[in-house]
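Could you build all of it, start to finish, from the sequences and the hints given here?
There are 2 protein chains.
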Amino acid sequence: MSLTNTPNANRLHIALYGRRNSGKSSLINALTGQNTALVSEYAGTTTDPVYKAMELHPIGPVLFIDTAGFDDEGELGRLRVEKTEQAVARTDMALVLLSEGELSLEKQWIEKLKKRNIPVIAVINKIDILKDAQALAARAEKALGQTPVCVSALKGEGITDLREALVRALPEDYERKSITGDLVGDGDLVMLVMPQDIQAPKGRLILPQVQTTRELLDKKCVIISTTADRYELALEQLAHAPKLIITDSQCFKQVYEHKPQESLLTSFSVLFAGYKGDINAFVAGAAAIDKLGPGSRVLIAEACTHAPLSEDIGRVKIPRALRARYGQQMQIDIVAGVDFPKDLSPYDLVIHCGGCMFNRKYVLSRIEAAQAADVPITNYGVALAKLTGILDKISFAGR
Amino acid sequence: MSLTNTPNANRLHIALYGRRNSGKSSLINALTGQNTALVSEYAGTTTDPVYKAMELHPIGPVLFIDTAGFDDEGELGRLRVEKTEQAVARTDMALVLLSEGELSLEKQWIEKLKKRNIPVIAVINKIDILKDAQALAARAEKALGQTPVCVSALKGEGITDLREALVRALPEDYERKSITGDLVGDGDLVMLVMPQDIQAPKGRLILPQVQTTRELLDKKCVIISTTADRYELALEQLAHAPKLIITDSQCFKQVYEHKPQESLLTSFSVLFAGYKGDINAFVAGAAAIDKLGPGSRVLIAEACTHAPLSEDIGRVKIPRALRARYGQQMQIDIVAGVDFPKDLSPYDLVIHCGGCMFNRKYVLSRIEAAQAADVPITNYGVALAKLTGILDKISFAGR
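Same order as they appear, the protein sequences are chains V and U. Under UniProt numbering, think of the first position of the first sequence as 1, with each following residue one higher. Under UniProt numbering, think of the first position of the second sequence as 1, with each following residue one higher.
Hints are not guaranteed to be accurate.
Copies of one chain are not kept apart here, so a pair can be met inside one copy or by any two copies together.
Subject to a maximum C-alpha distance of 20 Å in a straight line, what follows is the list of computed EDC-like cross-link-like pairs (lysine to aspartate or glutamate) [said to hold, decoys possible]:
(1) K219 x E232
(2) K142 x D188
(3) K243 x E232
(4) K115 x D278
(5) K202 x E215
(6) K202 x D218
It is worth saying that the hints were derived from the structure and are not from the lab.
If you want it as structure tokens, here you go:
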């Protein structure tokens with residue numbers, strides 16, 4: 001049987017930071033036993049962060065982020081360091097590689113990462129060629145307040161210790177996050193309403209449908225799946241009402257109107273808003289929609305630069321619904337990719353995409369930015385539910 | 001919403017054949033409007049066939065196979081031509097590019113392709129720089145018995161004509177093949193028994209489960225999905241028995257013993273044996289298992305060189321079952337990848353993998369090879385069903 005892979009967005013993102021030539025790429029190779037990262041003896045080989053999906057025993061599917069040296073210089077070097085800075089927003093765990101010499105830059109980066117609640121492991125690499133690894137370790141312990149793990153990526157020494165350190169430092173919520181939370185459990189009947197008309201390429205299902213199906217099977221639920229136009233027929237096939245109905249948002253009204261009274265109802269996009277972000281923040285942010293006016297300014301932010309389907313929601317549907325309510329003059333700015341404004345203060349509301357291609361950390365870092373600027377933030381799915389008047393009829397996971 | 005892509009195995013495989021520097025890579029770029037194939041003005045840039053997944057309007061998802069020139073020379077050249085020859089086995093449609101000069105090699109290739117029932121379109125590329133494209137076209141028509149389509153990949157001329165020619169030449173069975181055939185239709189209730197314990201990576205479903213679910217939704221069936229350990233509970237949730245139960249082969253016995261009498265039963269691997277091959281040939285081939293003896297010689301052939309899961313079936317389960325029946329001395333050869341023996345006559349039976357990573361054409365070409373050598377051929381799923389005595393209890397699609 002052929003397998004499709006764990007989506008990158010679901011992998012633990014482990015980023016490596018350090019000076020040029022500190023051996024970040026070699027360390028990834030040593031950890032995975034593969035020769036995947038390009039290793040060169042010249043400093044500054046890695047420019048844009050390189051993402052490498054791997055199985056890392058015993059953690060499971062991870063995504064290594066191999067960054068450019070944070071001490072890079074010159075015009076191009078500054079650009080590289082900026083890209084390295086941007087990688088912090090999606091880092092679940094960090095390895096900071098120490099080099100001989102002074103440790104002020106390393107200290108600065110460790111503090112920056114810790115401030116964002118990212119677990120950090122300090123690593124001394126190249127113990128096979130360092131003049132005095134022990135002295136560096138002692139000095140690092142003093143300067144950084146943590147004991148570095150000593151390894152030689154080249155000789156494979158200390159790699160087991162480093163794996164163990166990674167397992168010990170795993171973020172607390174790692175593996176705990178679930179799509180459907182406590183809405184359903186063992187033996188529950190769950191209905192999925194999944195129109196296939198325009199959404200997925202031939203022979204495929206869109207990722208949220210696959211991930212939700214898999215989670216429900218893992219939870220030992222029984223799943224009944226149907227398109228919207230056979231939804232009522234599907235209900236008739238059942239001996240009793242489903243505990244929960246999860247629908248594509250676009251047919252929410254139909255599903256709501258014909259649903260058995262005892263069935264809970266939610267949508268894929270609302271569940272993913274919680275799975276990939278902070279549902280409480282998004283629901284609170286959606287309340288701000290009622291307080292907008294003709295002179296309000298709204299920021300619509302997409303994580304992907306190419307998002308043909310959600311584009312329709314973010315660039316057409318949501319602006320149309322907002323302008324229908326508050327007038328055509330309302331100022332709505334749309335940004336994509338990493339172009340998230342540093343200054344959010346001009347905005348009355350931020351509406352973010354589902355972020356399905358990114359890890360949760362990345363979406364949370366944008367929520368934090370909005371909260372720091374005191375600007376309410378919601379997301380596509382929750383905003384659409386609010387704008388169509390159904391947000392109060394929906395069940396949420398993990399609130 | 002993020003999308004997963006149409007699997008390559010489900011795409012129409014369009015291969016380009018021609019001499020070195022006939023402009024095969026440029027033509028792919030012109031057809032897709034993308035700059036994906038590496039184009040060089042030096043002959044012989046393409047070595048191993050290059051596979052490029054694309055959306056080709058109006059056909060849909062295709063896989064272009066960009067081959068090395070069939071006139072390549074020298075030791076390395078002969079190796080390249082051999083790879084080009086191997087690409088024929090998976091070609092659904094072929095474009096043969098004509099070059100100025102004599103056309104004997106082109107004629108030879110067109111005949112080779114047509115002998116395998118592969119639709120062929122002759123193409124004259126570079127009409128912007130050819131000395132006399134019309135004369136070449138007239139000559140080709142005479143020599144090859146078909147009118148070439150004249151294009152300039154560089155200038156984009158004639159590309160619309162070529163697209164139209166492709167649509168006209170589509171293989172007859174293109175788009176007609178279905179996984180579940182006429183076993184179920186609109187409104188039917190179908191149960192999927194899908195244990196998730198060891199099969200798929202976290203957060204994913206294996207490809208046959210995704211493809212079957214999608215096809216059933218497209219057919220407007222209602223689907224009830226369950227793991228094996230909640231199978232009886234799932235049946236209890238239903239107002240009536242499902243029309244069809246599709247189970248993972250590994251829990252066939254349990255599912256069969258508890259199935260409602262009126263429900264048809266089949267397995268994912270048996271359905272895919274028909275979808276990806278010729279179910280009649282495979283069932284006939286499975287009958288040969290009864291006629292083996294201690295001195296028989298069996299070939300087990302895997303399409304993938306890395307197949308961690310099916311490996312277990314082909315390398316462990318099937319040999320074990322065969323030897324349990326006919327003795328430990330039975331000779332069982334295992335080959336993987338393109339190492340399919342040219343001479344099959346020493347064998348009494350060929351058992352092929354499901355070929356889920358390959359297109360149907362490729363599996364059919366191996367069936368043809370076995371039939372030409374008068375050796376019965378079956379596949380993993382059908383052989384397992386036969387060996388466990390359930391083949392006569394199963395429903396087939398499209399027999």
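Status of each hint after checking the structure:
no.	hint	result
1	K219 x E232	between (25 Å within a copy, 16 Å between copies)
2	K142 x D188	neither (54 Å within a copy, 70 Å between copies)
3	K243 x E232	both (16 Å within a copy, 18 Å between copies)
4	K115 x D278	within (19 Å within a copy, 61 Å between copies)
5	K202 x E215	between (23 Å within a copy, 9 Å between copies)
6	K202 x D218	between (26 Å within a copy, 10 Å between copies)
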